[in-house]
Amino acid sequence: MGFDRVIAGREVADYADFLVPHLNPAARVLDLGCGDGSLSVGLAPLAGHVVGVDAEEEFADAVAYAAEQGIDNVEFVLGDVYALGFADGSFDACLCHSVLEALGQPAEALAQIRRVLRPGGLLAVASVEYDGLIIGGPGAELTRRFYQIRQQLWLQTGSADPYLGRRLRGLLNAAGFADVVASSKYICYGTETAVRSFGLGRAADCRDEWYAGMAMRHGLATRDDLDAMEQAWRVWSAAPDAYAAFAWCRALGRKQRA
336 MGFDRVIAGR EVADYADFLV PHLNPAARVL DLGCGDGSLS VGLAPLAGHV
386 VGVDAEEEFA DAVAYAAEQG IDNVEFVLGD VYALGFADGS FDACLCHSVL
436 EALGQPAEAL AQIRRVLRPG GLLAVASVEY DGLIIGGPGA ELTRRFYQIR
486 QQLWLQTGSA DPYLGRRLRG LLNAAGFADV VASSKYICYG TETAVRSFGL
536 GRAADCRDEW YAGMAMRHGL ATRDDLDAME QAWRVWSAAP DAYAAFAWCR
586 ALGRKQRA
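Going by my numbering, the final residue of the sequence shown carries number 593, and the count climbs one at a time with no gaps.
Calculated directly from the structure, the hints in this document are not laboratory data.
In this text the structure is predicted, and so the values were computed from the model without any measurement.
Incorrect hints may appear among the rest.
Unchecked claim - Pair by pair, the computed Cβ-Cβ distance ranges are:
(1) 339 - 384: 15 to 23 Å
(2) 443 - 341: 27 to 35 Å
(3) 450 - 337: 33 to 41 Å
(4) 482 - 340: 18 to 26 Å
The beta carbon of each residue, even a glycine, is placed where N, CA and C say it ideally should be.
Input sequences plus hints: build the corresponding full structure.
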């Protein structure tokens, strides 16, 4: 898959729309937990400079794409969310999408973000809320079970909190951010292309080393169960009545001025 298709599947207009109105051509933006770098690249035309930071180097394709397209105001670095290698007040804004729910100490990460923001700088955080999951179409029992297993794995292994989204407002207030505003948005998969991509992605997860291996190890599914779910997702991906949507909780907060 070309990186332009990766960006199209994770557009700033969907995932960072609550931050976009607060950006300007001079803004320095930190994309913390940038993953594949698609949002960092998407934010580049809206800001002065964007720095994508992640603990794992998954952004090689984004680096190559930016070079090919002549996007010279985005860079990527490896970094630790608990010990960001930037001076105090380095950024005007920070996007932290799909990160806090995967951290054991989200409050410590928020303290680091607050440190590297300038006074008056803005933090935009977003986390999925699993109680807001909607799945329609064929094989609902199996496709829903797929996510029930994922929730149990997150909880049993401590790898993520599927319900942290509802706590974002409280976390930002407790971390000392001001003018905190929380909201929610559904990200939907309701076109032929989106449904196919989403469904085939979940089918592949049924053979993913972490998901499949951990599900069997924790006694949540057998190999036959996983095979059945994989087939259900493949059928779902081609169904004209298939639909999925996820609730994302978001919050904005500002670092108080001195």
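Status of the hints after comparison with the structure:
1. 339 - 384: 15 to 23 Å: Since the Cβ atoms of residue 339 and residue 384 sit about 22 Å apart, the hinted range of 15 to 23 Å holds.
2. 443 - 341: 27 to 35 Å: 30 Å, holds
3. 450 - 337: 33 to 41 Å: Given range 33 to 41 Å: holds, Cβ gap about 37 Å.
4. 482 - 340: 18 to 26 Å: Holds, at about 25 Å.
Of the numbered hints stated above, none is contradicted by the structure.
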